[in-house]
Amino acid sequence: MDPYQTLEQLRQLLDSKQITAEELCRYFLDRMAQFDQQTNSFVSVEPEQVLAEARSADKNIDRGINGQLTGIPVAHKDNFCVRGQRTSCCSNLLSTFIAPYDATIVKNISKDGGIYFGKTNMDEFAMGTSNQTSTWGPVRNPWDLSRVPGGSSGGSAAAVAAGFVPVATGSDTGGSIRQPASFCGVTGFKPTYGRLSRYGMIAFASSLDQAGTLTRTAQDAATMFQIMQGHDPRDATSESSSNNKSVSVKHPLTIGYSASLFNDLDSDIVARIEASRKTLEQLGHKFEDVEVFDQDLALSSYYIISCAEASSNLARFDGIRYGSRTKSAASIQELYEDTRSQGFGDEVKRRLLAGTYFLSNNSPENYVQKAQKLRRMVYDLYQELFQNVDVVLAPSAPSTAFRLDEQLDSTDMYRQDRFTVPVNLCGLPAISVPCGLVNELPIGVQFIGPQYGDELILDLADRFQKETSWHLQRPKL
Amino acid sequence: MASPAAKVMIEVDSKWEAVIGLEVHVQLNTRTKLFSQARNGDVTAAPNQNANLVDLAYPGTLPVLNLAALTHAIRFGAAIDGSIARVCSFERKHYFYPDLPKGYQISQYSQPIVGAGVFNLWFEDGQTKTVRIRRAHLEEDAGKSIHDWLPDSTALDFNRAGTPLLEIVTEPDLHTPLEAAMFLRQLHALVIWLDLGSGNLYEGAVRCDANVSLRPKGNKNLGTACELKNLNSFKFLKNALRYEFDRQVAVLSTGASVRRETRSYDPVSGSTRSMRPKEQDRDYRYLPDPDLPPISISETTISEIRSNMPELPATVRDRFLRNFNLTPDQAYRLTLEKPLAELFEATTELCKDPQTTANWILGKVTAIRKRKQSRAQDIPISARQLSQLIERVKDGTLGFNTGKELLGKFWDTNQDLDQIIKTHDITQISDRDQISRWAARVVEENEELIPKLINGEEKLYEYFIGQVMKLSRGKANPQLVRQALQRLVTMEDKHNSSENLD
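Chain order of the listed sequences is D and G. Residues in the first sequence are numbered consecutively from 1, following the numbering used here. Residues in the second sequence are numbered consecutively from 1, following the numbering used here.
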């Protein structure tokens with residue numbers, strides 16, 4: 001049994017009865033049990049439940065009732081509510097929280113027959129780029145256990161890279177799918193804002209948060225996207241299914257490319273991206289130089305808006321109705337203070353304090369309004385850009401995976417997101433696909449599409465992967 | 001109890017003028033809550049029975065606007081001729097409190113759904129006064145903290161959390177406690193007229209805060225205002241404002257200044273006391289709610305809502321005054337509640353006697369209704385029944401008292417009047433011969449009292465009439481009984497006189 005198979009290959013194995021769903025799930029459970037002590041990519045798995053679900057999937061397969069995912073295990077990032085399962089956002093504050101309902105995308109996946117395999121590790125409340133802020137301990141990169149997997153969807157990226165599951169969900173607020181995909185050598189897809197429901201995905205920054213996937217191939221990402229998408233009446237920001245705004249798929253494309261993005265990158269990384277460009281040119285695509293928005297300004301806008309929204313979204317964690325509550329408090333004020341001081345980790349506290357300040361009357365600078373203005377400018381620039389090009393090519397991350405013991409300060413950490421945040425500010429779709437190895441570590445390239453150009457970039461990524469084999473590289477465990 | 005008129009005189013005589021603005025929170029009677037599918041407004045539910053995951057702010061849940069609440073708000077806007085926003089957006093207003101599940105309230109801050117409008121306040125003598133409405137916006141209600149339920153803890157009931165509220169804010173156009181109370185009463189009546197909410201004050205379905213400041217009469221500058229919280233009846237509002245007026249006069253008269261603060265009213269002592277510094281000084285960290293994208297409201301939607309508006313109370317009142325020759329007070333009282341106005345109009349249509357109809361509705365119908373504590377829409381009397389009753393009393397078939405009693409019977413059954421008259425054998429007896437026979441028998445049985453009767457003791461007449469009514473089992477026409485008795489007494493008198501002459 002090869003753990004690195006695509007959804008299509010697994011479907012074929014199951015449908016032709018070469019393997020049962022139970023055997024398949026047992027195989028992945030065993031593999032995970034054997035290797036995940038090293039990577040720590042999972043934070044909760046209930047093997048008996050997985051096998052029970054697999055057995056009922058086998059019955060369905062026997063009866064010919066098949067979704068595309070029937071019998072195939074899918075892991076969920078720990079910020080997606082799964083009914084009856086601990087959903088902690090890898091925070092101490094929610095370390096005992098059992099979700100009483102399924103997130104819409106979790107439901108869509110299980111409706112299609114996908115088997116809930118377990119919860120993957122992440123940065124606490126999705127705040128981080130290294131997966132070091134989890135209350136359940138850091139995730140280690142399967143390519144090099146002394147290195148981080150990226151974040152915040154580090155557990156999902158590592159789990160797919162290590163061959164523990166074929167696909168995992170993730171969430172991307174400022175790059176949290178694409179950067180770990182790049183670090184772990186997998187395909188990370190962040191759809192257009194609103195195409196996947198946010199209902200049941202625990203909010204970090206509502207106007208930026210977007211669910212997506214970590215998969216082996218763009219084709220798998222496309223399959224998952226088809227299954228997960230659709231209008232959700234429980235999410236007012238969910239796109240109505242009738243709007244039919246999809247950008248039609250075409251080939252070849254005009255691809256925008258900005259040399260200024262590569263100024264401060266390592267030459268090995270630039271070389272890999274240049275090679276990707278060559279591959280795409282050989283496929284018939286045309287490149288055009290474009291000017292993109294000042295990355296550091298976009299990054300400031302992103303951090304102000306995301307911290308402000310986070311400080312608001314996380315206000316509900318007061319210990320009153322669910323989650324951990326401090327044992328003894330003399331007053332309600334003390335109950336809030338103790339619950340939140342003990343419940344949240346340092347990075348979350350840092351962002352909540354900043355966000356509270358940004359929103360306060362006492363900050364005369366009007367941070368949030370200015371950030372929104374900047375956001376509008378980035379949005380307008382991309383709108384204009386997509387008048388001339390079909391897709392924009394950019395790095396997914398400024399480096400390969402860094403070491404756990406590298407002491408990056410907060411701002412350096414925040415700058416990890418500089419190639420990914422403009423996409424979230426504009427609600428655009430983007431995909432990171434592996435484009436090479438640098439010093440035995442994977443690196444990805446990012447295709448950014450216009451709004452509703454999800455299918456367009458998935459098709460481009462698929463064509464790219466048909467010409468390259470970087471996505472087939474495997475770490476040695 | 002001091003008469004209201006006397007108190008108003010004091011206010012008028014004072015050298016100070018009160019400047020009052022109201023903030024009224026109206027719970028809307030939509031089927032579900034403002035942002036969730038949980039059932040709204042069921043006051044009989046067990047604690048937390050109607051609080052779902054969205055109301056409890058479970059992680060990952062999201063609000064979705066209930067469009068019925070938006071329609072309610074637009075209807076109110078149309079009724080006060082207010083401007084309707086073309087885009088409906090919401091902000092988060094942050095503060096921590098145990099009964100506020102999300103740590104913020106979803107409200108409308110920068111762009112209320114209803115902008116400036118006017119409310120024409122009506123006085124019993126037919127005078128009117130324009131009160132400007134500054135804005136009306138949608139927001140969600142919080143849950144309830146119950147402090148006296150458990151020994152050492154506070155109980156939390158989230159059934160109310162997420163209930164849609166329309167917060168209506170007036171300009172400071174009111175100048176006496178009585179005016180403010182009249183305004184609240186008429187606004188309350190409008191809310192029920194438009195079927196926006198139950199209006200149940202006892203259940204907190206309409207809640208009122210008042211901002212009040214004083215200034216020397218003739219001065220145009222505004223003084224420092226205090227905010228009085230939770231004045232949840234017309235009486236509380238009036239009494240709290242009176243107390244506050246006196247309190248502020250006392251403060252200002254010493255040359256001191258009024259502190260800007262929020263005060264609560266204690267209905268038991270009738271006084272207000274300081275709660276905290278003024279709300280506006282708090283930092284709510286407003287944030288446009290990213291979960292609720294702004295919704296455009298089309299011109300078509302608005303004009304559709306406008307064209308489906310019922311005739312408004314003020315219009316109906318004017319029509320009643322014009323067409324039916326009612327007094328302003330009658331017209332006012334008949335148009336406080338839509339079902340009453342409708343009953344009046346439909347009954348008048350049938351019996352062609354607006355004055356008698358008004359008397360019946362504002363008299364006996366209102367009395368029975370108060371006794372039975374019926375809401376106006378639950379009055380079971382139909383226009384047909386009431387007009388039949390009026391006609392039967394007029395044509396003498398029924399005595400007035402029997403007619404009044406019959407109203408009570410209608411209340412519980414839904415029978416046709418003629419049917420009731422037949423089954424209960426209650427047609428009034430107007431047969432003069434029969435009545436004379438009864439009267440004669442009573443006179444005969446009470447012969448010793450006749451001289452006193454002749455001397456004109458009115459009380460004794462009542463007794464004789466009562467005796468005859470008893471013989472007739474209440475059915476004799478009392479008017480005819482009196483006439484018959486008078487005839488008999490005159491005859492006795494003459495008889496006695498002629499005896500003396502002999």
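FYI, nobody ran anything at the bench for these hints, they're computed from the structure. Backbone N, C-alpha and C define an ideal beta-carbon position, used for all residues, glycine too. Check each hint, because a few of them may be wrong.
Computed beta-carbon distance windows for the label pairs [as the list claims (entries may be wrong)]:
hint	chain 1	residue 1	chain 2	residue 2	range
1	G	Glu304	D	Thr279	26 to 36 Å
2	G	Pro47	D	Gln387	19 to 29 Å
3	D	Glu365	G	Gly115	22 to 32 Å
4	D	Thr468	G	Gly115	51 to 61 Å
5	G	Pro380	D	Arg83	42 to 52 Å
6	D	Leu353	G	Ser145	19 to 29 Å
7	D	Gln49	G	Glu304	46 to 56 Å
8	G	Pro310	D	Gln49	36 to 46 Å
Results of checking the hints against the structure:
Range check, Glu304(G) to Thr279(D): Cβ separation about 57 Å, and the 26 to 36 Å hint is violated. For Pro47(G) and Gln387(D), the Cβ-Cβ distance of about 57 Å falls outside the hinted range of 19 to 29 Å, so the restraint is violated. In this structure, Glu365(D) and Gly115(G) meet the distance hint of 22 to 32 Å, their C-beta atoms being roughly 30 Å apart. The hinted window of 51 to 61 Å between Thr468(D) and Gly115(G) holds, with their beta carbons roughly 59 Å apart.
Between Pro380(G) and Arg83(D), the C-beta spacing of about 49 Å keeps the proposed range 42 to 52 Å intact. For Leu353(D) and Ser145(G), the Cβ-Cβ distance of about 28 Å falls inside the hinted range of 19 to 29 Å, so the restraint holds. Remark: the range hint 46 to 56 Å for Gln49(D) to Glu304(G) is upheld by a beta-carbon distance near 52 Å. As the Cβ distance of Pro310(G) to Gln49(D) is approximately 57 Å, the hint placing it in 36 to 46 Å is violated.
The structure shown violates the earlier hints numbered 1, 2 and 8.
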